[in-house]
Amino acid sequence: MKYVDEYRDRELIETVSQEIKKISKKNISVMEVCGGHTMAIHRFALNTMLPDTIRLLSGPGCPVCVSSQSFIDTAVEYSKISGMIIATYGDLIRVPGSHSSLEKEKSNGSDIRIIYSVLEGLEIARANPERTVIFPGIGFETTSPATAATVIKAKRENISNFFVLSAHKIMPPVMKALVEDGVRLNGFIAPGHVSAITGSVIYNDLASRYGLSVVISGFEPLDIMQSILMLVRQIEAAHPQVEIQYKRVVNKEGNKIAQELVNHVFRTCNDDWRGLGMITSSGLSLCDEFAEFNPKRHFRINVPETIEPKGCICGNILRGMKTPPDCKNFAKECTPMNPMGACMVSSEGTCATYYKYRN
Amino acid sequence: MMNVNHERIILSHGNGGLMMHELIENIFIRHFDNKILREQTDAAILKMDSSTVAFTTDSFVVDPVFFPGGDIGKLAICGTVNDLSVSGAIPLYLSVSFILEEGFPLKDLEKIVLSMKREAQKAKVRIVTGDTKVVDRGKCDKLFINTAGIGTIRKENRPIGSGKRIRTGDKILINGNIGDHGIAVMSARESFNFSTTVVSDCASLNLLIQKILNNCSQVRFMRDPTRGGVATVLNELVRKGNFGIEIDEESLPVSEGVRGMCEILGFDPLYMANEGKVMIVAGARECDKVLSIMKGMKEGRQSAVIGEIVSDHPGKVVLKTITGGKRIIDSLTGEQLPRIC
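First to last, the protein sequences are chains A and B. Its first residue numbered 1, the first sequence is counted upward by one per residue in the working numbering. Its first residue numbered 1001, the second sequence is counted upward by one per residue in the working numbering.
One chain only, chain B, in its complex shape (with noise of 0.2 Å):
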C-alpha cells in the first residue's frame, strides 16, 4: 500500500511535487512495471519491427467505475487494445493518463490500477506512459482515464478496418451474446433498484483475433461494436459499399438475462453495448473454420453466424424476425429510454 497518511486524492497529488512522485512511485510504477516505464523519460522510447504502425486513443467516463464483470481500468485496457486488433493490428504498448477528483479514494483508484495491470498482462500489452492530473472536487466525476494504444500491422491486413474486401455473400460473425455490457453498467447504477446476474463481458480480445487472422485468409472486416451495440457497427458497415445486410434475429446470442432486462425495460439488445465483442465479416467458404477458431476460445464460447452481405436492398440494414417479418434496423437516434408503461 502507498506510504502516505492519506486516505484520498487531494490537490497535491497532481501538483508536481513530492506527493505526486509518490503517488507515481507506490501506485502506478509499482504495479504497471516495466523497463521502460521505469525510464521515467517524458516520452518512451519504442522499438517496433514494423515501419507500418496501428495507433489508437480512448477515453473512459463510465459511470459507476466498479460494475459487475469489470471496472473503468479493466476497460481502459480492453477498449484500446480491441480498438488496435480490429483493426488487424498486434498492440504492443500503451499510454494512460488519468484524470482523478479531488476526494477520490485511494484504495479504489489502486484496486483500478491493480485491475488494469491483471487486463494488460492478460493481453501482452505494456503500459510504457502515463500522466495524472487531480481536479478540484465536483470537476470531473471521480476519475476519467485516457489510453492510447500503439501495434504493429501486417500488410496483408491492412485493408480490414476500411470494409473495402467485402463481397456478396460474405457471412456475418459475432464471438457471443450481444448487449451484456450495457445492461450490467445500467443495473450497477445506484438509482437502478434491480438486481440481475448479468455480468459485462469486458474482454481484451486480442489473442482471439490473432488467432483468427493467423490462420484464415478471407476475414473482410472486423469491428467492435461497443456504443450502439451491433445495430450501428452493422450500419456503419452498410454504408461503406454497394450491398445491403441481412440479419437473422433467430441466431443472435442473446442471454437470458439481457433479453428480460430488456423486455421489461423496452430495449433492443441490438443496440446495448458490448466490450468484449468483435463483429467479423468473413468469406463464406471460410465461415466454419473462423467460427470452428472462435468458438475454441474462451472469449468466444458462445460465437454464431448472425446475417451475410447480400446485393438486395442496398445501404440497408435488413432484420428476419422470429415470426417470419422483416423490419430494417437503423442507427440509434439518441439513447436508449426506458419506457414508461
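One chain only, chain A, in its complex shape (with noise of 0.2 Å):
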C-alpha cells in the first residue's frame, strides 16, 4: 500500500536500527508523548531493536486516558436526563468513571450512540429536534478543530438542541508540567498530526527554555526510528531543539484555517487531567460567543463525589515514572475485558497496548 509499505520497509528500519546503536553512548530517557506511537512501538517490536542506552518512555497523549474521572462521572449523570442522547466517540463508552460508565448507563436504557465524527452528532440533533444531544469533546489539537467547526455550523444552522461538554486539551503545557514535576527526560518523540494543525513553533520553548530535544515524528516504524535517531544526534551534541521528522505533512507554521477555528471557538482554561491533575491552561473551553453551546448552561445535574480507583497507577504510568508492569493490578484485576483506569480501556492507552503486545 502506497504511502504505508515504504515506511515499513524491514532493510531501512534495520538500518537505522545499526546507524542509533553505532551513535549512541548516552543513557537517555526519551518520551513518546502520544498514545498511536506507543502502539506503533510495540506492534512493530521497535523497543527490540534500540541499544541499552535508550529508554523509551510513555507519556499522556491518549485523549481517552486521560480525560478525568469527573469529566466521565459529567457524561453519565447527562445521559440519565429524559429524552437525551449521548454522541460519543467509541473508545469513552468503556471508561469507568466513580459509579458507572456510559456502557453501563446505554444497557440501563440511556440513549448513547457511538459516532465516527462530531459531524454525526449534529446530524443526530436535527434528525431529532424534539431531544437533546450532547457530544463530549475529547482529544486534543486533532480533534478540537473538527469540534469547533461543527459548533460554528451548528450556530449558523440555529441547531439549538446539539451541546459539546469539552474536555478538550492541548499538548505543549502537559509536556512542560511533566518536566516541572520532576520527570527525567532528555527528550520528546512529538505526536505528527499535532504539528500537522499547530506546527512546530509550539514546541520552541521545549527547546530554548527548558533544553529538551523535540522530534515530530510520523507513525509508521520507519518514522519512529528516524525520530528516535535525530534524538539521539541532537542529545550526543548536546544541542537540544525542535526538529520536524514527519516533513511530508508538518511544516513549522501548521494550518492556519484549523488554528482560526479552534481560537474562534474555544479559550484556553485549567484543566484536569486524569492521574495528573490540574494543570493550568492546558484545556480548551467554549468562549462567551458559543457558551449557549456548553450544556451546563441548560441542565443542572448532580454529579457525586469522584472516587478514584483503588491501587490504580495511571496517574504514574501517564506520567511516564511508571510501566504498567509496575502495577500490581496489571493483566490480573486490571485487563481489556474489565478495567480498573482508562489506561486500559483505551485501544492507544499505554496498558492497553502493553497488554496486547505483552511477550
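Treat the hints with care, since some could be wrong.
Calculated pairs, SDA-like style, for lysine to any residue (alpha carbon to alpha carbon, straight line, at most 25 Å) [claimed, not checked]: (1) Lys1320(B) to Val16(A); (2) Lys356(A) to Leu1332(B); (3) Lys104(A) to Thr1321(B); (4) Lys1316(B) to Arg43(A); (5) Lys2(A) to Asp1248(B); (6) Lys1142(B) to Arg43(A); (7) Lys332(A) to Gly1315(B); (8) Lys332(A) to Leu1332(B); (9) Lys332(A) to Asn1026(B); (10) Lys332(A) to Lys1240(B); (11) Lys2(A) to Glu1263(B); (12) Lys1117(B) to Asn1026(B); (13) Lys2(A) to Gly1266(B); (14) Lys356(A) to Thr1321(B).
What the simulated footprint calls covered on chain B by chain A, stretch by stretch (three residues with Cβ under 8 Å from a Cβ of chain A suffice, anywhere in the stretch; the number is not a length) [claimed, not checked]: (15) 1227-1234; (16) 1320-1327.
From the derived model, a few chain B residues whose C-beta atoms are all more than 12 Å from chain A [to be verified]: (17) Gly1017; (18) His1031; (19) Lys1035; (20) Gln1040; (21) Ser1050; (22) Arg1189; (23) Lys1211; (24) Gly1266; (25) Ile1293; (26) Pro1314; (27) Asp1330; (28) Leu1332.
The set of hints was computed from the structure by calculation and includes no laboratory data. Just so we're clear, the structure is a prediction, and the values are computed from it rather than from any experiment. Ideal placement from N, C-alpha and C gives every residue a C-beta, glycine not left out.
Each chain sits in its own coordinate frame; assemble them with the hints.
See the structure below:
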C-alpha cells in the first residue's frame, strides 16, 4: 500500500537501528507523548531494536486516558436525563467513572450512540429536534478543530439542541508540566498529527527554556526509528532543538484555518487530567460567543463525589514514571475485559498496548 | 409479486390468518419451492442416507440488511451452510424463520427471499420448513432471520470440528483475503461517510470444502472465522491442545481496500469478520495439494498458507511481524472501536 509499505521496509528499519546503536553513547530517556506512537512501537517491536542506552517512556497522549474521572461522571449524569442522546467517540463509552460508565448507562436504557465524526452528532440533533444531543468533546489539537467547525455550523444553522461537553486539551502545557514535575527526560518524540494542525513552533519553548530535544514524528515504524535517530544525534551533540521528521505532513506554521477555528470557538482554561491533576491553561472551553452550546448552561445535574480506583497507578504511568508491569493490578484485576483505569480501556492506552503486545 | 394491497409488513401478516397465508404462499413457498416445503406440515420429513447427522443453527441480525456483496438473506444461508461444512458435514436441508418488524417493505423482503433462493440453489441445499412472526414497530430492527441446517457426515470426517487430530508441523491455510465482510458492512452503515470498493466475501463454502475432503486425507481441523475474525479462531484452536501457533504477517492475504480502511480506523484485519472464509489446518505433506485444490476454485483463488502449528509457546498465537519482530495475538476483548486521533 502506497505511503505505508515504504515506511515499513524491514531493511531500512534495520539500517536505522544499526546507526542508532553506533552513535548512541549516553544513557537517555525519551518520551513518546502520543498513544499512537506507543502502539506502533509495540506493534512493530521497535523497542527491541534499540540499544540499552535508550529508554522509551510512554506519555500522556491518549485523549481517552487523560479524561478525568469527574468528566466521565459528568457525562454519565447527563446521559440519565430523559430524552438525552449522548453522541460519543467509541473508546469513551467503556471508560469507568466513579460509579458507572457510559456503556453501563446504555444497558440501563440511556441513549448513547457511537459516532465517527462530531458532525454525525450534529446530524443526530437535526434529525431529532425534540431531543437533546450532547457530544463529549475529547482529544487534543487533532480533534478540537472538527469540534470547533461543528459548533460554528450549529450556530449558523440555528441548531439549538446540540451541545458540547468540552474536555479538549492542548499538548505543550502538559509536556512542560511533566518536566517541571520532575520526570527526567532528554527529549520528546512529538506527535506528528498535532503539529499538522499547530506547526512545529509550539515546542520551541521546550528546546530553548527547558533544554529538551524535540522531534516531530510520523507514525510508521521507519518514521519513529528515524525520529529516535534524530533525537540521539541532538542529545549526543548536546544541541537541543525542535526538528521535523514528519516533513511530508508537518511544517513550521501548521494549518492556519484549523487554528483560527479553534481560536474562534474555544479559549484556554485550567483543566483536570486523570492522574496528573489540574494543569494551568491546558484545556479548551467554549468561549462566550459560543457559550450557548455548553450543556452546563442548560441542564442541572448532581455529579457524585469522584472516587479514584484503588491501587491504580494510571497517573504515574501517564507521567512516564512507571510502566504498566509496575502496577500490581496489571493483567490481573485490570485487563481490557475489566479495566480499572482508563489506560487499559483505550486501544491506544499505555496499559492496553502493553497488555496486547506483551510477550 | 404479491397479490395484496400492502406495500409493507403489517401485524396481520403474522396473525395466522389469511394475510399470513398469502405472505407464506406468495413469497416464501413461491420462491423456496420444493416438494417437502410444499407439504406445509408442521415438521418436514427428511430422508437421510446416514445414521450420523450434523445439526446447527444461527441467527442473523446484520445492520444494514443490504450491504456490498450480499444481504441478510444470503448471509443466513451461507452462515449455516458453512457451519455444517467446516464440521466436515455435507449440508442438505435448512429451516428458515423470519422475525419481521411491522412496516418493513415487502419488496425488500422479497428481494431478500430471492437472494436466499439463489444462494440455496448455488449451495445445493433445500429450504424445507420455516416460520414467520411479525412484531410491533421498534420491537426488532427491520428483520431478523434464523436458519438451522442439517447434513450428513462421513465417519472419517467426524473429528474435524474437534481439532483432536492436530499435530506439530501442520500448516494453517485460508482461502483468501481476510476482513472483507467486516469492512463492507461497516462502510454500508448510514452514519459512516466513507465509501470503499470492498465487498463482503459472503459465500457458501460447501462445494470447496467437499472437494478438499474428497481428495485429501490430512485435513485436521476447519473453522469459519466469522465474528472476531482469524485471530479469535486461532486463539480457540490453540487452547485445544499442547501446541502453539505461529502466523506470518507477510503471508496474510489482505486486500488493499481493507488494509487502507484498517489503517485509517486503527483496526486489525485479523479481528475483522469474514463470511466466506475457511481456515484449514492440514498435514504438512498434503499442504500443497490442499492449497492447489483451493486455488482452483472460485472461492479460493487468493488462498495462502499463513502459518503453522509449533511446539514452542504452547497455548499462544504468535505473529511474526513484517518488521521482523514477534508479538502475541490475543482474543478480541470487547468491540474493536475506531481510534479518535
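Now the hints, each set against the structure:
no.	hint	result
1	Lys1320(B) to Val16(A)	20 Å, holds
2	Lys356(A) to Leu1332(B)	10 Å, holds
3	Lys104(A) to Thr1321(B)	36 Å, violated
4	Lys1316(B) to Arg43(A)	17 Å, holds
5	Lys2(A) to Asp1248(B)	21 Å, holds
6	Lys1142(B) to Arg43(A)	40 Å, violated
7	Lys332(A) to Gly1315(B)	18 Å, holds
8	Lys332(A) to Leu1332(B)	17 Å, holds
9	Lys332(A) to Asn1026(B)	58 Å, violated
10	Lys332(A) to Lys1240(B)	23 Å, holds
11	Lys2(A) to Glu1263(B)	12 Å, holds
12	Lys1117(B) to Asn1026(B)	14 Å, holds
13	Lys2(A) to Gly1266(B)	17 Å, holds
14	Lys356(A) to Thr1321(B)	14 Å, holds
15	1227-1234	violated (count 0)
16	1320-1327	holds (count 7)
17	Gly1017	35 Å, holds
18	His1031	35 Å, holds
19	Lys1035	47 Å, holds
20	Gln1040	41 Å, holds
21	Ser1050	42 Å, holds
22	Arg1189	9 Å, violated
23	Lys1211	33 Å, holds
24	Gly1266	6 Å, violated
25	Ile1293	30 Å, holds
26	Pro1314	15 Å, holds
27	Asp1330	6 Å, violated
28	Leu1332	9 Å, violated
When the structure is compared with the earlier hints, violations turn up for hints 3, 6, 9, 15, 22, 24, 27 and 28 and for no others.
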